[in-house]
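**Student:** Listed below, chain by chain, are the residues.
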Amino acid sequence: MARVTLDTLRKEFDRGTIVAVDDLDLEIDDGEFVTVVGPSGCGKTTTLRMVAGLEEPTSGTVSFDDEDVTDIHAKERPVAMVFQNYALYPHKTVRENMAFGLKMSTDMTTEERHERVREMAEMMGIEDLLDDKPDELSGGQKQRVALGRAIAREPEVFLFDEPLSNLDAKLRTEMRAEIQKLQKEFGVTAMYVTHDQEEAMTMGDRLAILNDGKLQQVGAPTEVYQNPVNEFVAGFIGSPSMNFLDVDVETDGTTATIRDEASGLAFPLSRDYVAGHDLESGPYTLGVRPENIGVVERPTGEETLTATVEVVEPIGSDNYVHLDVSEDFLARSPADVQPEAGDEVGVTFDEADLHLFDPETGEDVFLTEEEIAAAVA
Amino acid sequence: MARVTLDTLRKEFDRGTIVAVDDLDLEIDDGEFVTVVGPSGCGKTTTLRMVAGLEEPTSGTVSFDDEDVTDIHAKERPVAMVFQNYALYPHKTVRENMAFGLKMSTDMTTEERHERVREMAEMMGIEDLLDDKPDELSGGQKQRVALGRAIAREPEVFLFDEPLSNLDAKLRTEMRAEIQKLQKEFGVTAMYVTHDQEEAMTMGDRLAILNDGKLQQVGAPTEVYQNPVNEFVAGFIGSPSMNFLDVDVETDGTTATIRDEASGLAFPLSRDYVAGHDLESGPYTLGVRPENIGVVERPTGEETLTATVEVVEPIGSDNYVHLDVSEDFLARSPADVQPEAGDEVGVTFDEADLHLFDPETGEDVFLTEEEIAAAVA
Amino acid sequence: MNPLESAVALVAGAVGLVRSKLIGLATAPKRFVVVIQRAVYDVRTGKRSAWDVAKSVLMTLFGLAMVLVLLFPLFWITTASLAEGSRLFNTSGIFPDPSTYNLGAYRWVIFESDFFFVDGDWGYPQLVLGGGDGLVSFRWAGTETGPGAVFNSLYIVSVTLAAGFGMIVPAAYAFSRRKFVGRKRILYGYVLFTQIGAGLSIATLVALYSLFSTYGLTNNLFVLGLFYAASAIPFNTWLLKTYMDNIPVSYEEAAMVDGASFLDTIREVILPLTKPGLAVVLIFVWLAGWNEFIIAQTLLRPENYPLSVELYNIATEGRFSTPWTRFAAFANLFALPVAIVYFAAQRSVEDGLSFGGMEG
Amino acid sequence: ISTGGDGGDGGDGSDGSDGSDGSDGSDGSDGGNTGSARLWTDLSDAEDEAMTDYIDQYESETGNTINKEAPGGELDQQLETAIPAGDGPDSWIWAHDWVGRFAVREDPPFLYDASDDVDVSLDSYTQAAREAAQFNDGLYGLPFASETVTLFYNKDMVDEPPETLEEMVSIMDEHHDPENGQYGLSYPVTDPYFASGFIQAYGGNIFDEQNLEVGVDSDACKRGMDALETVSQYVPADPGYESQIVAFADGLAPFAINGPWELGNLQESIENLGVTTLPTVDGNHPRTYSGIQLFYFSSMLADADQSTVDAATGLAEWYTTNEEIIQTNAAEQGYIPVLADVVGNGDLSSEVQAFAKQVDHGVPIPTHPDMDSVWTPVTEALERVFNDEQDSDAALDQAASEIREAL
Amino acid sequence: MASSQPGTGVSALARLRSALPFSSRDWGLLLVAPGVLLFSSFMLYPIFYLFYISLTDATFAGSVIGGGAELIGLANYVQLIGDSQFWTSMTTTWLFVAVSLVIKVILAVGIALLLNHVRVAGKRYMRAAVIVPLGFPGIFTITVWRGMFSDARFGVFNTILGRYNDVMSSLSAPQALLFDVPVGFLSGRWEAFFAYVTTEVWLAYPFMVIIIVSALQDVPKSLHEAAMVDGAGALQRFRTVTLPAIKGPVLFASILTAATSFQQFLIPWVFNQGGPSRQNELIIVYGYREAITFNQFGLSAAILIVGIGFVGLFMYVAVRYGGLAEGVGDE
Ligand SMILES: Nc1ncnc2c1ncn2[C@@H]1O[C@H](COP(=O)(O)OP(=O)(O)OP(=O)(O)O)[C@@H](O)[C@H]1O
Ligand SMILES: Nc1ncnc2c1ncn2[C@@H]1O[C@H](COP(=O)(O)OP(=O)(O)OP(=O)(O)O)[C@@H](O)[C@H]1O
Ligand SMILES: [Mg+2]
Ligand SMILES: [Mg+2]
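As given, the protein sequences belong to chains A, B, C, D and E, one line each in that order.
Per this note's numbering, numbering of the first sequence is gapless, rising by one per residue and ending at 377.
Per this note's numbering, numbering of the second sequence is gapless, rising by one per residue and ending at 377.
Per this note's numbering, numbering of the third sequence is gapless, rising by one per residue and ending at 360.
Per this note's numbering, numbering of the fourth sequence is gapless, rising by one per residue and ending at 407.
Per this note's numbering, numbering of the fifth sequence is gapless, rising by one per residue and ending at 331.
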């Protein structure tokens with residue numbers, strides 16, 4: 001419906017002492033679904049509110065389809081927003097809640113409005129609730145009404161601010177699918193804020209990661225997962241999160257070894273790897289994801305490392321094996337690998353799964369400046 | 001510290017129209033950690049409150065170490081409880097919050113109390129917060145204080161009512177470990193209510209599943225995961241949850257085939273399987289977990305079934321592949337299996353991973369009455 | 001909504017409130033019986049111990065006794081309004097002899113005093129076609145003396161309510177939601193002045209009178225209504241602001257995103273959500289205009305006296321004494337409707353006056 | 001600004017047209033010399049009805065218009081604000097004790113010297129009444145009645161009205177039994193107006209207006225005070241007016257000392273009511289303070305049209321000299337006539353005669369502008385004595401010194 | 001993506017806006033202004049006028065309105081300081097405020113607790129009934145209370161005391177427990193003071209009850225339960241959970257009602273005009289009487305200005321240190 005462009009968008013609070021959003025550039029294609037993630041306080045909500053027109057940017061612009069809407073009042077933007085706490089009008093019935101936007105922004109007759117609301121409600125499976133007040137509804141039903149209300153207006157841009165965070169796991173999965181389906185069906189451009197890993201990974205066409213008001217990386221979820229541009233993104237995306245280890249690399253240009261005194265790690269890199277990557281000696285931060293770590297219950301000594309098991313958490317399909325390699329070092333292994341706490345086990349991983357970050361800047365050491373800059377465009 | 005025994009414990013509300021807890025029998029060993037799960041409204045909180053003495057049972061008894069405490073007032077039971085919203089006294093400092101229980105139930109001097117609180121606080125890493133008021137604390141800190149307050153009294157029984165549900169994912173993982181560590185350290189008997197899958201699977205020595213006020217199954221988490229006694233437990237434990245299919249089984253006593261018209265499923269069971277299980281022809285509910293389903297991107301025709309991919313959700317380490325076999329039919333496959341939506345794929349599974357349930361009672365058809373009864377003892 | 005509609009809605013709301021409360025009160029005995037039956041049943045089946053039930057009974061009786069003690073003055077004066085003669089005391093006991101109870105005093109209030117019509121000469125409203133300044137004009141027919149104090153009171157109160165609400169609601173909204181130059185200072189000033197009310201009026205009586213007479217505003221019901229509104233502004237603005245602070249901003253934002261204009265948002269979202277707060281403000285502003293008599297007496301001439309002044313005049317009518325029965329009957333007719341609405345609005349009042357979030 | 005619309009101001013019926021300054025008498029159209037005036041009153045219902053009828057009569061006889069209003073509350077407070085604001089009445093009815101207080105006012109003045117406008121001879125009135133209406137040579141009103149307190153008795157309990165204090169005490173002794181709710185006397189003893197008769201019985205003056213001397217601590221007053229203390233022992237413990245009158249009205253006391261305004265009420269509750277003069281004290285008649293009811297002339301008249309002045313003074317002259325009115329009022333309202341002719345003839349009821357006789361024994365209330373500085377200390381002294389907080393001599397001494405300080 | 005462009009339309013506009021003392025966001029002021037204006041002209045202006053009078057030698061209302069008064073500086077205030085009646089009045093007023101406040105708080109907390117207790121049936125109706133006095137005009141209720149406090153033997157309280165005496169003496173209780181009826185409630189200094197306080201408490205408790213009940217209902221149930229599990233008994237729960245929760249609202253209500261008590265006029269005026277012997281003249285009565293009875297308008301104005309000043313100061317301190325204006329400062 002509309003392409004959304006944020007151009008060096010900036011928002012300061014408290015006379016510039018808090019920079020909530022720091023010169024953000026982002027373009028969302030017509031009909032695209034972008035999820036925005038980041039830790040608490042990173043500026044997600046503020047960004048969304050600026051797109052909706054609820055917050056005035058300190059500088060920068062918001063455009064819909066090349067039209068600058070920065071100075072246009074919220075009520076005139078073709079935007080619908082689903083709030084974290086739903087913000088259903090408690091004194092109106094579900095029907096009135098859903099019809100309200102239509103009443104305000106179209107000149108439909110009451111009947112047309114009610115017809116539209118009925119259609120919407122049928123689609124969302126809440127046609128029986130139309131005469132109820134919000135506080136008679138369960139969380140999931142409220143969520144559906146909030147969605148219905150947003151969709152009923154047929155907006156060009158859809159904004160979601162952690163819409164599922166108040167729901168329980170089961171409902172969350174259900175609603176996730178529902179939102180995606182609706183968004184595709186209507187072809188509406190969507191921005192979706194969340195701090196839930198699974199939502200972030202599964203819902204969007206693209207994923208935007210914010211930290212401290214700054215955009216860190218934008219890209220397809222798998223792309224971001226596989227090639228995080230910096231330590232922050234690497235640690236933030238993926239659950240359980242990536243293990244980090246402070247290591248030293250010794251290289252002579254053709255061979256290289258990754259060492260960590262504390263855990264006794266000494267991992268030789270292959271010649272191919274060294275040849276393919278531009279590596280220097282020095283301190284690095286090594287990152288490796290739990291699912292890329294193999295646990296060998298009866299270590300033969302050929303493994304990369306041996307370590308002691310601290311705790312084993314079975315989660316049904318898999319086990320989380322906590323190892324004493326470093327603090328919070330976790331391996332995810334199949335359910336049939338079941339060491340006991342205290343066991344000595346072997347630890348393996350593949351050099352292809354390793355990430356190396358600059359301990360100072362946190363950036364992936366193999367990326368060039370350009371590549372890093374490109375990651376946010 | 002104390003063995004907790006619930007004997008045909010029952011709680012009715014509103015003059016018997018609501019049976020919140022339905023003749024519950026449960027024994028928790030000294031020092032054991034039992035997690036209680038179940039859908040919302042199944043009676044978890046009510047059970048916990050009866051153990052704490054905050055709710056009077058309609059019938060049945062609660063005993064600690066063979067001593068019937070049913071009629072003993074909450075303030076005299078050797079119990080500590082951590083509430084969902086923490087319930088910290090807002091006007092008291094952290095120190096006073098933690099010392100309050102001691103002041104009430106012991107005759108320690110002020111100094112002794114403060115000494116104990118300091119020890120506790122050090123252990124929980126909150127010694128710097130002792131002079132703060134609760135509303136100056138973050139969620140995780142509050143949680144720690146609530147825990148500390150509970151532990152400080154050295155109770156014999158520890159009760160937790162969804163203590164982590166207000167925290168974000170990262171903090172939740174951290175606190176989970178902390179609680180387990182503390183419980184083991186003090187060897188306190190613990191009952192832990194949650195509706196979080198991961199907590200349920202990882203935290204307890206045993207898992208008790210409630211539905212509609214009735215106990216469904218008690219057992220080690222992996223045991224429950226692998227051998228759910230009925231469809232409810234099978235569907236409730238595990239995430240994403242088990243796929244169910246209404247099927248017909250045709251058997252002649254030596255061979256058998258599982259059929260489903262809608263999806264075109266025709267799965268022959270091995271002779272061994274048929275011999276080992278007591279199977280009759282008729283309708284069944286087939287259950288199979290997402291992680292036990294194989295997806296073959298280029299079907300050779302030898303697979304159990306071919307199906308169309310509806311959506312692929314990458315969650316980083318794995319992909320969730322939604323298939324059109326039935327509604328919400330999900331396979332979890334490694335990240336490198338990446339079919340596109342609309343692709344025809346092959347679907348495989350192993351007869352060992354199948355669960356068959358009686359479509360009427362929902363019970364696992366291979367279990368005897370005794371085995372089912374034993375599941376809750 | 002035009003003013004007429006809102007006035008009708010207001011009255012209808014009040015009537016509904018009173019009705020439901022009274023129905024509740026009327027069915028209370030039935031519910032009470034059920035409670036007792038249950039208690040008896042529970043004791044018999046051993047679900048509750050007799051001591052447990054007894055404790056509840058005792059507490060309830062204690063509560064009831066306290067209510068009776070607290071309301072004793074009102075009860076006592078009501079019996080006095082039914083008594084014979086005009087004296088408050090009788091040498092035989094606290095209450096007048098019940099056999100002498102009669103409604104004479106009330107008859108006097110209705111048919112002889114200036115309560116409804118001057119000298120109790122009742123008239124009826126009549127529409128006159130083709131009147132002087134309009135197609136239809138309105139006059140009182142059937143009365144020689146004209147309408148009485150109650151109409152003056154109602155007129156004053158409607159001005160007070162209209163002006164009060166017109167200024168309090170927008171200001172409370174602005175204080176709660178907007179930032180503007182001087183916001184803090186004005187609000188601070190309001191809080192300081194919340195309690196400078198009744199006493200102030202007496203203190204500044206003469207200053208007020210000279211102010212009013214300088215501008216020729218004495219004996220003007222409209223201006224007096226405005227004055228009461230002014231006196232109600234600080235406290236009620238602050239009260240309503242506090243109430244509005246507790247309404248999440250996201251409702252307004254949702255409405256904005258829904259395309260509602262500012263006024264739409266106020267009408268459709270803010271006002272409905274502020275109802276309990278508005279109810280309390282309504283009651284307080286009403287009482288400000290309804291009960292005051294010192295200023296009214298100073299500023300008004302007899303033909304414009306509202307009920308409160310008439311009541312005071314009855315109290316001081318006798319050379320050295322008060323004609324108690326008439327006074328009591330007059331006061332009861334004057335205050336009871338308001339007190340009943342107040343009684344019925346207890347829920348709203350409790351909600352609207354909730355300062356629970358305040359930390360001391 | 002209109003106050004119309006809901007009928008809120010429709011109540012002013014007849015006087016709707018006539019503005020509020022009361023000085024627009026000239027608009028009386030063709031009559032030429034008829035005017036209208038504004039009169040404020042604070043009367044009881046019965047008095048008010050009678051007054052309305054007389055005013056109607058006056059209006060139809062003269063063509064003048066009188067707008068009678070009852071502002072309610074404290075009449076003097078109403079005047080205090082209304083007159084300076086130019087919004088006061090042209091005339092009002094009140095006892096003469098405000099004459100001095102208002103006559104000394106300047107910037108703005110409150111009263112109007114009507115010496116030049118009044119045609120009736122002041123000799124038509126009794127001397128006391130004549131003096132009461134004047135202050136420093138100005139004539140500020142016309143008198144029509146006087147009042148004072150005297151002795152009421154219940155004929156069912158008292159066979160023969162007492163002549164002397166001793167007789168009265170012996171009757172009171174007979175009945176006084178507070179334990180059983182029986183008393184000797186109903187008498188608001190801490191009110192100086194009520195108490196004045198006994199205090200001044202020996203010829204002392206609480207305040208000597210002629211010489212501006214405080215006499216409340218004189219020996220005469222102190223002896224009078226003893227008499228007061230004697231009767232005080234027979235009243236109900238509460239000196240408040242209402243609690244006093246109830247004892248007599250309920251038939252629980254043989255005597256009451258009170259004024260003519262209670263006559264109607266008491267006649268209703270006591271079947272056989274007698275009224276007589278106060279008993280003599282050592283042969284002296286108690287000298288009660290008396291008040292003279294006046295039509296006051298307000299300073300509003302100073303700037304008003306002559307027709308208004310004529311209307312206002314005309315009413316006063318007509319009313320105060322109309323024998324029929326005075327006679328009727330005496331019979332119906334218990335007004336004690338001050339019109340010399342009426343006082344002289346014997347047509348008055350026995351009750352009124354009793355009051356009239358008591359007035360004769362009494363003295364007019366002083367009208368000194370600062371009388372409030374006298375009343376308050378005296379009241380307080382009486383309260384202290386009544387509550388046994390102070391000896392009566394000391395109390396009067398203290399009151400006297402307080403008064404001297406304040407004046 | 002386009003690079004940052006300083007000085008685009010928006011930011012230039014924003015800068016312009018922030019440079020102005022008034023900006024478009026200040027339209028909130030427009031919503032507030034009418035109320036402020038009305039309030040100032042009817043409430044603030046008279047106070048200034050009163051202050052002006054206090055600097056003059058005005059004797060009666062007319063000399064104020066008629067303009068016959070002359071400025072005499074602070075003489076009235078000087079006179080006031082030397083006036084023993086002023087100090088009597090001040091002390092009595094503060095004592096009245098303090099005593100009635102203490103009783104009020106205790107009574108209101110008691111009522112609120114009782115009428116919010118689970119064991120009391122029909123408590124909502126009782127609560128509704130108990131707050132009704134607030135709906136009656138003060139002149140009415142106060143006049144009624146005066147009647148009840150009548151010194152007469154047949155006054156309500158004296159009758160009750162008489163009955164009490166009868167009962168007690170029939171139980172042959174010692175003389176010390178009996179009352180000396182009739183008690184002169186309005187004619188003795190402390191008796192009258194007691195009557196004032198009783199009436200004041202009765203007038204003000206409903207407001208406090210409402211506020212405390214609201215606060216009690218906001219206390220999370222789980223706090224009580226946490227305390228129970230911590231081993232606290234009923235009394236300790238009251239101390240640790242209930243009391244702290246209602247402390248703020250009680251303080252708040254106390255400040256408001258104390259400020260009103262300070263300005264109490266009708267009770268003393270209707271009861272016995274601040275008597276006996278001017279001993280119980282609360283500050284406003286004192287001022288009123290100086291003006292009305294003694295024709296000392298200038299002095300009266302000075303008294304009232306001092307009174308208003310005290311209320312203002314009291315409110316200021318309360319707002320400052322009592323957290324009364326919480327939420328005001330969040331700008
Ligand atoms: N109105 C405001 N005034 C001052 N600071 C604000 C305001 N709104 C947001 N902030 C600050 O701006 C920063 C970004 O806030 P924002 O709400 O956008 O974060 P978020 O990413 O949505 O966080 P969360 O995940 O907790 O919702 C935070 O530091 C916050 O404290
Ligand atoms: N005080 C009460 N009065 C009436 N019904 C109640 C009460 N407390 C609980 N119930 C009912 O009892 C049932 C069990 O409630 P309970 O709170 O134990 O569920 P739960 O398993 O803790 O649910 P959740 O996961 O939502 O916390 C529910 O149907 C609930 O409505
Ligand atoms: Mg946010
Ligand atoms: Mg629960």
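It is possible that some hints are incorrect.
Derived SDA-like pairs (lysine to any residue); straight-line CA-CA distance at most 20 Å [as the list claims (entries may be wrong)]:
hint	chain 1	residue 1	chain 2	residue 2
1	A	K184	B	P334
2	A	K181	B	I72
3	A	K92	A	D71
4	E	K247	C	L239
5	B	K181	A	E371
6	A	K103	C	L239
7	A	K214	A	K92
8	C	K47	B	I72
9	A	K184	B	A341
10	E	K123	C	V18
11	C	K184	E	A33
12	A	K103	C	V18
13	C	K55	B	I72
14	A	K103	A	H91
15	A	K92	A	T58
16	B	K103	B	P90
17	E	K123	C	V57
18	A	K181	B	V312
19	C	K275	C	A162
Derived by calculation from the structure, the hints in this document are not laboratory data.
**Student:** All hints are to be evaluated individually against the structure, with a verdict given for each.
**Tutor:** Structure-based check of each hint:
1. A/K184 with B/P334: At roughly 26 Å apart (the allowed maximum being 20 Å), B/P334 and A/K184 break the hint.
2. A/K181 with B/I72: violated (55 Å)
3. A/K92 with A/D71: Violated - the C-alpha atoms of A/D71 and A/K92 are around 31 Å apart, more than 20 Å.
4. E/K247 with C/L239: Distance of about 19 Å is within 20 Å: holds.
5. B/K181 with A/E371: violated (44 Å)
6. A/K103 with C/L239: violated (32 Å)
7. A/K214 with A/K92: violated (39 Å)
8. C/K47 with B/I72: The given pair, whose Cα atoms are some 16 Å apart, holds under the 20 Å limit.
9. A/K184 with B/A341: Roughly 13 Å between the alpha carbons, so the hint for A/K184 and B/A341 holds.
10. E/K123 with C/V18: OK: E/K123 and C/V18 at ~18 Å, within 20 Å.
11. C/K184 with E/A33: Distance of about 14 Å is within 20 Å: holds.
12. A/K103 with C/V18: violated (34 Å)
13. C/K55 with B/I72: Roughly 19 Å separates the two Cα atoms, so the pair holds.
14. A/K103 with A/H91: Holds: A/K103 and A/H91 sit about 16 Å apart, inside 20 Å.
15. A/K92 with A/T58: With Cα atoms ~35 Å apart, A/K92 and A/T58 exceed 20 Å; violated.
16. B/K103 with B/P90: Holds: B/K103 and B/P90 sit about 17 Å apart, inside 20 Å.
17. E/K123 with C/V57: Given that 20 Å is the threshold and the Cα spacing comes to 12 Å, the pair holds.
18. A/K181 with B/V312: holds (13 Å)
19. C/K275 with C/A162: holds (16 Å)
In this structure, the hints that do not hold are numbers 1, 2, 3, 5, 6, 7, 12, 15, in rising order.
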